[in-house]
Each structure stands twice: as structure tokens, then as C-alpha cells.
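All the letters of the sequence shown, read from the start, carry residue numbers -28 to -1, 1 to 166 under mature numbering (1 follows the signal peptide of the UniProt record, and there is no 0).
Just so you know, the hints here were simulated from the structure itself, not pulled from any lab data.
Here are the computed lysine-lysine pairs in the BS3-like style, where the Cα-Cα straight-line distance is at most 25 Å:
#: 1; residue 1: K68; residue 2: K5
#: 2; residue 1: K14; residue 2: K68
#: 3; residue 1: K68; residue 2: K23
#: 4; residue 1: K28; residue 2: K5
#: 5; residue 1: K68; residue 2: K28
Predicted, not measured: the structure shown is a model, and the values here were computed from it.
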Amino acid sequence: MTKERIRRYLGSCVVASLLAMPAGLAMAQEAGKPMTIRLEPKALAGVDTGKAVVVKGRAGRTPQRFLLEGISYMNPVGVVLRPVEAGDEVALSITKYAWNQPLREGSTDEAPLRFLFRTEGEFQVSVSADAADTPYRLLVWVGEETQPDFAPVVVDASTFDGGGGGFPWTWAVIGLLVLAVAVMAVLMMRRKRA
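Let's have the full structure, built from the sequences with the hints guiding it.
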């Protein structure tokens, strides 16, 4: 899939999933303590290829953290965040190892914020907002493994002109080099005797 096709597909998945999905995860969080929730994408109605998970939550200053594992580099990944009400600003950061070192981050107050990428193993998502109890919707989509069409590394010599025998002058050059080495060896032997 090309990047543009993935973007268009994610756009349609966002509309289908965020409007027609049953309630996602309800976020209950202790004051001041970030909690981490492991997400497991599954086949969803309205998502034709790949698996997805939708989170319906309420963000505040303490980030809500999500972890996804078992991702292959061959799987395209899409993360989409949007506030429920226009004007509410929510922030998103995507990290790989440390929560305080985002690889991608952004915020939105109306239009969905989208990130498309590939990774191996796991990645983490944090959602936060300046105003407490800000409702948001988060969609994480993991596409089917892409199967690249590689050209074969080894091919028949008969597919090349000349049958793969090489150029005739190549053998002549090799013969001259062997002759030059033999002459030099004979000359060095004579010097040693004298």
C-alpha cells in the first residue's frame, strides 16, 4: 500500500470507527499518577484490512498512556487522535523506549491528528490535555503485513546475451596477468642465485 492510500484508508476508518463503534475503554485514573494500558487491536466492523482499537477517554494534565506490542516492521501503523468537542485541545506523543522522549508529537483542537509509521516490537502513545476531563477519541490501526515483491537474487546465465560466458578479452587479460607473474617469479629466482 502506498502512503497516500493508507492515509485515505485511515480517514475512512476514522469516520467509520469513531462514529459507529461501540463504547471503547473508559479511562479511570488516579489523580497525579499516569497509568499505562496495554492495547490489543482486533478486527472491527468498518475496518476492512488490518486490526484496530478505539479508545474513548477523558484526558487531563496527567497523561494517559497506552502500550502496543508485537508489531512487525512489515505492518503499517496509524494513530489518530481527535477531541470530541471542537475547541478542546488534546495532545498526543508517540514514543519507543522512554516516555519522556517522543519521536512524534502534536496537538489538535478540532481536526484529527494523524501519524503513519512503521516500527518493530512495541511503541507507546500518551494523550494529555491542559483542561481536566477533556473528552477525546483515539484510534490505533495496525495494517496487514505487506509482502514486498522482490526480484530474485540468482538468475539463469542463459537469460543474459552471450550465455554468461564472459567477454573474450577478459580471458586474454587474465592470461597476460598470469604470464607477467610467471616472468617476475623467474627474474626474482635468477637474482637470488647471483
